[in-house]
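A.B. asks: Here are the chains, one letter per residue:
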Amino acid sequence: MNHLFAYATTGYSYLTDSYNKISINWSTNYVHEYFLSWEGSGDKDKKATIDEQLTHDLELEYSLGYGKYNITLAATNIFDRASFDNYKIQKPSKAYSLKLRVDY
Amino acid sequence: MKNSILLACITSIGLIGCGGSNDSNNNATDKSPETQEKLSFAFKDTSEGEPEYLISKEDIMSGTISAQGVGTEQLGWNFFYPVGNTIFISGYQNFDTSSYRLNEAGDTTKLNTFLYDKPLQSFGRIGDQTLIASDAPGAGHTDRKFYTVDANSGLVKSIVEYTIHGVDNGTAGLGTVAWPTGLLVRDNKLFIPFQKLDDAGGYYTPDADTAFIAVYDYPLTPSNNTPTKIIEDPRTTNIGVNGSTTNIIQADNGDIYTMSNGGFTGGFAVPGDHDNKPETPHQGIPATTKPSGILRIANATTEFDASYFFNVEEAAGGKIFWFDYLGGNKAIARIVTDEAGYWWSAFYKDYYTTKLVMLDLINKTSTNIEGIPLHQKRYTSPLEIIDGHIYLSIETATDSHVYKVNIETAEATKGAKIEGKTIKGFYDLNN
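Chains as they are written, first to last, in my numbering: chain W, 18 to 121; chain X, -5 to 425.
Accuracy of the hints is not assured; some may be wrong.
The calculated DSSO-like cross-link candidates involving lysine-lysine, where the alpha carbons are at most 30 Å apart (straight line), are [claimed, not checked]:
hint: 1; chain 1: X; residue 1: Lys371; chain 2: W; residue 2: Lys61
hint: 2; chain 1: X; residue 1: Lys183; chain 2: W; residue 2: Lys63
hint: 3; chain 1: X; residue 1: Lys411; chain 2: X; residue 2: Lys343
hint: 4; chain 1: X; residue 1: Lys371; chain 2: W; residue 2: Lys64
hint: 5; chain 1: X; residue 1: Lys51; chain 2: W; residue 2: Lys61
hint: 6; chain 1: X; residue 1: Lys183; chain 2: X; residue 2: Lys139
hint: 7; chain 1: X; residue 1: Lys411; chain 2: W; residue 2: Lys64
hint: 8; chain 1: W; residue 1: Lys105; chain 2: X; residue 2: Lys151
hint: 9; chain 1: X; residue 1: Lys371; chain 2: W; residue 2: Lys63
hint: 10; chain 1: X; residue 1: Lys398; chain 2: W; residue 2: Lys63
Since the hints were made in silico from the structure, they are not lab data.
Working from the sequences, and respecting the hints, build out all of it.
C.D. replies: Laid out in structure tokens, this is it:
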């Protein structure tokens, strides 16, 4: 079975001074529709498929103290598109998360 | 103060290919003249996950049969059960039943789908219009659900919660679960043969020295959901083999026949006798010493016929594993010729131990069907008699073929080679 997927991410970072940094990142995931089972078996129009999936994630990060303290606000699947982990097992729709990270 | 800008861009595109098949001009597209009607059949593939396909094809007696480019895909393991010109496909892992019919172009099209929360495992039919089905939890003490389904629409007409023996609704008792192995309606009576399983869910058969059938007034309703009586017979063991949908059959004259297996390889065992591994044979503690055989409930009666017992074990040289009715008081059956496997091994590949026989239900005789090798088979749909023949797929260690059996002469003819695991049933959905 052929399984086409694409992943793209782009980001921009701005150092407000040598101490603090603001970053913004955008990620896009694309998975083309594909068959659950072996492509050659069965009528192609009557096979179980996993639908095309296109999702976008946006992440905003503020780092302090040369990257020691990090606050990340992320919005995943921002356009609320259906996506799947496995056949008919749906992944979360639009979700927000706040992440606090200390590196030492 | 220092400003700096970082711009990062990462892109990746992937293509995973596993060499899609390119022989699309196989049997998939050979369009024979429309004069020959298609047979539909339940094909199980050997590719990953062993998906099942409902396929229709004109010629199944020559060449090869595969799912290459043809067939409606089904999920997981399914029961295929025909009612009239409708085929119901009920998932054991995927909890729904889909129904299909032929459209005007002669292709199978879906009628409908309904869902359930416990898999349906027992099936029956009333005429050409109605499917009846029951779930069959093998542990705990819950009501069973009885489904009545319209074969014209594929939709559920009613669901009634019912009980079989007193213990299965939670009132304390024997510590067994009544596990329905068939559904048959005759003259406003519903017959449900059952095995008694341990209620801990071990699928042991602690009470295998008796045949049991619960008898109900039909139709079941919320206020008529318990048996009017349970009939018992000590001459053989619990009726039915796990997963077979023809453990109870009706002859032309209204007589009902039931089959009892009772063997270790057919799933009958007591705790402590084995650990269900092929390398550990059982310890010689049979679940029952009663012979495998066939009981009768004569037309217009609701008791076992005391004058009738067909000792199949004696007549055919092994325990009966499957049977179905052919007409003229004859049945076709599979007989386990070697009980030296392990628990349930008659259900599994690598145990090619069943032979095919024709049983004369009146004269209590068994005739081997020549030309059919020892084989293995887990599930066979109710048979459809098509122009005096039935069709079966026969699997051996080396290959699988369609066989056509003349029900008058018991002659078998070898047909197409099956490029797949098995075909569970053949259906003429045209008429």
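A.B. asks: Next step is simple, just say for each hint if it's right about the structure.
C.D. replies: So, going through the hints one by one against the coordinates:
no.	hint	in the structure
1	X:Lys371 - W:Lys61	holds (29 Å)
2	X:Lys183 - W:Lys63	violated (40 Å)
3	X:Lys411 - X:Lys343	holds (18 Å)
4	X:Lys371 - W:Lys64	holds (26 Å)
5	X:Lys51 - W:Lys61	holds (17 Å)
6	X:Lys183 - X:Lys139	holds (17 Å)
7	X:Lys411 - W:Lys64	holds (24 Å)
8	W:Lys105 - X:Lys151	holds (27 Å)
9	X:Lys371 - W:Lys63	holds (27 Å)
10	X:Lys398 - W:Lys63	holds (29 Å)
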